[in-house]
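Here is what each chain is made of, one letter per residue.
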Amino acid sequence: MDRRSFLTKSTALGCSLAASPALAPISFASAPGNNRLVVIILRGGMDGMAAVAPYGDPDFAALRGQIPLGAKGYSDLDGYYALHPGLRGLLPLWQDGQLGFVHAVSTPYRNKRSHFDGQDLLEAGVADLATGNARDGWLNRMMGAVPGMNMDSAYAIGGDALTILDGSFPVNRWSPDVDLALTPQAIRLAELVMQDDPVMAASLAEAFKLATADGDPIAVQGGMDEMMSMVAQDQAASRKSGYENRLAKFAAGRLKQDARIASFSLNGWDTHAAQDRQLGRSFSTLSDVVLTLKSELEEAVWNNTAIVAVTEFGRTARLNGTNGTDHGTGGAMILAGGAIRGGRVYADWPGLSDANLFQGRDLTPTRDLRAYAGWLMHGLFGLQSSTIEREIFPQLDLGVDPGLLL
Amino acid sequence: MTFDPITAEIRFGCGLSPKIDPPSSVDEMLDGLVGADKMSEWFRIPSFQEFSKRLVRAQALKKQRRMQSDGADSEELRKQIRLLNKAARQDHFDWLGSHILRRTYSETPFRERLEGFWADHFTAAGKGGLLRRAVSPFVQSAIRPNMAGAFEDLLIAAVTHPLVVHYLDQVGSTGPNSIRATNKPGKFGLNENLAREILELHTLGVAGPYTQTDVRELAELLTGLTSQASKGRQFKTNMAEPGSETVLGKSYSGSRPDFGDIEEVLRDLARHPATARHMAGKLAVHFVSDTPDPALVDALERTWRDSDGNLSEVYGALLKHPAAWWTDTHNVKKPFEYISSAARALAIPPKTIQRFQEKEMRQRISEPLRLMGHIWQKPSGPDGLEEADGEWLTPQGVAARLQWAVIVPQLLMPRLPDPREFVDIALGGRASEAVRFAASAAESRAEGVGLVLISPAFQRM
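First to last, the protein sequences are chains S and A. Letter 391 of the first sequence, counting from 1, is numbered 390 in numbering that gives the first Met the number 0, and no numbers are missing. Letter 198 of the second sequence, counting from 1, is numbered 197 in numbering that gives the first Met the number 0, and no numbers are missing.
Hints were generated in silico from the structure; no laboratory data involved. Wrong hints could be hidden among the right ones.
Stated by the list, open to error - Simulated pairs of lysine to any residue, SDA-like, Cα-Cα distance not exceeding 20 Å: (1) S/Lys111 x A/Pro208; (2) A/Lys230 x A/Lys358; (3) A/Lys186 x S/Arg360; (4) A/Lys183 x S/Ala61; (5) A/Lys358 x S/Ser228; (6) A/Lys126 x S/Gly279; (7) A/Lys377 x S/Arg360; (8) A/Lys18 x A/Gln409; (9) A/Lys377 x S/Arg280; (10) S/Lys111 x S/Thr284; (11) A/Lys281 x S/Asp347; (12) A/Lys377 x S/Thr284; (13) A/Lys126 x S/Arg276.
Stated by the list, open to error - Here are some of the chain S residues that sit facing chain A, going by a computed Cβ distance under 7 Å: (14) Phe115; (15) Asp119; (16) Ala160; (17) Arg172; (18) Trp173; (19) Asp176; (20) Gln184; (21) Ile186; (22) Glu190; (23) Ser202; (24) Gly320.
Glycine included, each C-beta is placed from N, C-alpha and C at the ideal position.
Could you put together the complete structure from these sequences and hints?
Structure representation (structure tokens):
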């Protein structure tokens, strides 16, 4: 094969790739509506009782000590719950009814308290990993159930796996830090080389598509020097702002266009020792991410957006011997966005007396967090509750609509 | 299928090299684990003990600074602390270079791969200050010398090491009825983290037969184990929970608590059948396939149980099993395996990378690793790197590999090889027509080499 015939062939390959079912839009029959859902996974087990401290519970102080209220401490929310100082930046949203919380919830995961199993279960959205309900994620199953969703509708963002979006429905995966600069010849040859391996070929095709979507073309003219300086510029740009905010910015950019679903993770929640300091940092990152989404989405889109932050489990009700908390059970979800009916904490509060704690140590979950996620889908995308209970969260009883949305 | 040199070098080694012959037998590979450690001599990484001197120095400077807060002296101290931090950061990158060069030049590359496997199994990192640079010295001291003997010795060396004790929050864990806790009620207590991860990650596995009560009892049994920068691992009787603890039905620590109790429970956990099962699966997945032949896992488990976890025997069982050599499925190289096997295929000269300053190492190695999905020595959790190939073959992961492959190799050596020859050096007969064509049709050496390195045949093991 000489270069000319190869180039002809690679063009043909390029075409056939674009027309392949994996890359083609599923359907243009109906649009998936205007609502947006952002799911943030807080990996490590976020301490719900620190995020939203139930300081009005008579047994709280015995477990956690007196929490400082006021300008430098926790902010009172409603006389019963108080907001962690690291989340203070979100208070205006609370006052505008665009920030809410769900408390004393968990996945069905019990007893072993492993992060990794806990996260698998959270993302799979099933009751039990052992019963082998396919290893796909609930957001992916949702994509398949909502009419009009297509391959541009969902983005899994960042460097990690996000199995919540794994599954048969095509979604986009990208990390805003990755950018490509290649000569046109290298682009074509890379496509050719990858044809030996369908999985890698599909990833590369998507990479080329997404790297172009930021408006900065992949192909560089002028050869290697030009390419190297472009890569150096990209690296420098990516160091400038925090990684988490870049995730949020990228998510907002896609959501303002065709995307309706975005998901990414934030780390830093496994706070076994001296947790005040670490939680302060992690909460303020989360707060920045929410505020970045708000400012980048701008009012019209923000008003149609629901953000939900979930975690694999809560932490022990008591502080441990090193001023941290160990792996627990019941925890909290954080809700934000213009579509949210905020300004309130949704909870069937179980109480914190010894007898009320789960196994004498953890906050008792009084409801499955999947029920709240399910009702969000119902409200945002018009899914029937029977569909949710059958296809998205199999065997879940959705129960009463908590009315999380405006 | 049985042993073949090329598969041995790619799957169980660090990839093909133009300078080093692949092994000629399984026995040669196993012998390589116990012979002289030439790579540690050539490409140095200090012991943890040596590294600790710097920790002690940093602590002394900080203490001095706290004591004299007045102007000029304090400024001078701050400068010294800054320089110490800077030197530690440069060392951290130099050691990353050493790890790459060891994989580039090792004649016993299975040893390097095992180091990678066990360093990941016992994932640990410093959470602040200079300790963040301690991972390589930890691996050099606790992992590398203990990879060919009994698993229980490796387990004890790793999980009682100061870095793991720190990383999994054991340092302050205090028995609720210990002398220390009784003297100051409400100030000290238990931390479950190390106990849980020993059971879940290091020994039995999450499917193992343990309960929350076992976690708690093991945590109590571990109390007393702590560490100090100046003294390393410590056992402090006044922090230890008095009385006996029962883990998996066996009672430990009858009379006086001491470190021997901790060793005893770790030896029992290491020999537990659930540990054999867990580790057999983990080794097979890491070295062979995401979905290994069940017969291979069974064979490893049997050998583990029969030998009480003698690691050399387990590796022997792995390398002698036909399913280890099947070539219809291939794992994908993880980011560090990818970059270091490229360095080996290129036989990059040690001097170039050894001269890199922090900035160059960041741009050329650690930032690309991050974009490929692996933040070097900054784990997101104690469970280590993902084994599933799909985790690494995301669009962003593949894009980051492609960008690295066409740009960075030329910065690692004065002159790149001819891509048409490099195809055979790097792929040893696994080259497809497409990659041969791409190597010859590329517009520059850099792109030609990059296209070989991005080829599926090179990315898979």
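Verification of the supplied hints:
1. S/Lys111 x A/Pro208: holds (10 Å)
2. A/Lys230 x A/Lys358: violated (33 Å)
3. A/Lys186 x S/Arg360: holds (19 Å)
4. A/Lys183 x S/Ala61: holds (17 Å)
5. A/Lys358 x S/Ser228: holds (15 Å)
6. A/Lys126 x S/Gly279: holds (16 Å)
7. A/Lys377 x S/Arg360: Between lysine 377 of chain A and arginine 360 of chain S the Cα gap is close to 31 Å, so the pair fails against 20 Å, i.e. violated.
8. A/Lys18 x A/Gln409: holds (19 Å)
9. A/Lys377 x S/Arg280: holds (17 Å)
10. S/Lys111 x S/Thr284: At roughly 29 Å apart (the allowed maximum being 20 Å), threonine 284 of chain S and lysine 111 of chain S break the hint.
11. A/Lys281 x S/Asp347: violated (42 Å)
12. A/Lys377 x S/Thr284: holds (18 Å)
13. A/Lys126 x S/Arg276: holds (13 Å)
14. Phe115: For phenylalanine 115 of chain S, the interface hint holds, since the closest Cβ of chain A sits about 5 Å away, which is under 7 Å.
15. Asp119: Violated - the Cβ of aspartate 119 of chain S stays beyond 7 Å from chain A, reaching only about 10 Å at its closest.
16. Ala160: holds (5 Å)
17. Arg172: holds (5 Å)
18. Trp173: holds (6 Å)
19. Asp176: Nearest chain A Cβ about 6 Å off; hint holds.
20. Gln184: Holds - the Cβ of glutamine 184 of chain S comes within 7 Å of chain A, reaching about 5 Å at its closest.
21. Ile186: Hint violated; isoleucine 186 of chain S Cβ to chain A Cβ min 9 Å, cut 7 Å.
22. Glu190: Where the cut-off is 7 Å and the nearest Cβ of chain A is about 10 Å from glutamate 190 of chain S, the hint is violated.
23. Ser202: holds (4 Å)
24. Gly320: With Cβ-Cβ at 2 Å, under 7 Å, it holds.
This entry does not satisfy hints 2, 7, 10, 11, 15, 21, 22, going by the numbered hints stated previously.
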